[in-house]
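A.B. asks: Can you build the whole structure from these sequences, using the hints too?
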Amino acid sequence: MKAEHLRLRELLALSLMAALIFGSKVALSFLPNIHLGALLLIVATLRFGPKALYTAFVYVMLEGLVYGFGLWWISYLYIWPLLVLAVLPLRRTRSYFVLSVAGALHGLLFGALCAIPVGVLSGLKAGFAYWIAGIPFDLIHGAANFILCLVLLRPLDRLTQKV
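Each residue of the sequence shown is one higher than the one before, starting from 22 at the first, in the numbering used here.
Bear in mind the hints are in silico, worked out from the structure with no lab data behind them.
All C-beta atoms, glycine included, are put in the ideal place defined by N, C-alpha and C.
Don't take every hint at face value.
[What the hints assert, rightly or not] Listed below are the simulated DSSO-like cross-link pairs for lysine-lysine, each with C-alpha atoms no more than 30 Å apart in a straight line:
no., residue 1, residue 2
1, 46, 183
2, 46, 72
3, 183, 72
[Unchecked claim] Across the chosen pairs, the derived CB separations fall in these ranges:
no., residue 1, residue 2, range
4, 113, 53, 28 to 38 Å
5, 94, 161, 17 to 27 Å
6, 184, 145, 43 to 53 Å
7, 161, 85, 18 to 28 Å
8, 37, 94, 15 to 25 Å
9, 33, 142, 34 to 44 Å
10, 143, 27, 33 to 43 Å
11, 147, 181, 35 to 45 Å
12, 149, 178, 18 to 28 Å
13, 37, 116, 44 to 54 Å
C.D. replies: Here it is as structure tokens:
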């Protein structure tokens with residue numbers, strides 16, 4: 022299998038997507054767990070396939086550089102790339118409803134996935150308590166991801182195809 026290299030245009034577009042994800046999260050930070058992160062990462066995955074992993078990791082690095090590299094950051098190293106990996110097999114279908122469900126599941130499972138490092142380092146009970154305490158936020162996160170993807174995914178996908 023031949024390794025693909027990033028072209029300059031792809032590198033710029035993937036970096037811009039990461040910056041958009043980060044900037045939109047900061048802009049919407051007054052809302053609890055409502056942001057465009059999953060939506061934009063799904064769009065990047067639809068457009069660039071596995072190369073969208075670059076976007077995920079650049080975004081995660083931006084988060085760490087701005088907010089610090091705490092225990093939460095470790096979970097970001099696998100949570101955001103997992104979304105890309107989950108969307109990759111769905112690319113060909115272009116079913117925006119199914120992709121919206123993937124975004125919703127990402128939001129609903131976010132707290133459980135964040136609880137893994139807590140459970141490993143502090144014990145299973147602490148990890149479970151961490152997850153349970155965040156369930157209301159996960160519900161908001163999942164619902165917001167679903168609605169945002171359902172409304173904006175198709176137009177953003179079409180826009181990126183034109184660009």
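A.B. asks: All the hints need checking, so say for each whether the structure fits it.
C.D. replies: Status of the hints after comparison with the structure:
no.	hint	verdict
1	46 to 183	holds, 25 Å
2	46 to 72	holds, 22 Å
3	183 to 72	holds, 19 Å
4	113 to 53: 28 to 38 Å	holds, 34 Å
5	94 to 161: 17 to 27 Å	holds, 21 Å
6	184 to 145: 43 to 53 Å	holds, 47 Å
7	161 to 85: 18 to 28 Å	holds, 24 Å
8	37 to 94: 15 to 25 Å	holds, 22 Å
9	33 to 142: 34 to 44 Å	holds, 38 Å
10	143 to 27: 33 to 43 Å	holds, 39 Å
11	147 to 181: 35 to 45 Å	holds, 41 Å
12	149 to 178: 18 to 28 Å	violated, 38 Å
13	37 to 116: 44 to 54 Å	violated, 26 Å
Hints 12 and 13, counting from the list given before, are not met by this structure.
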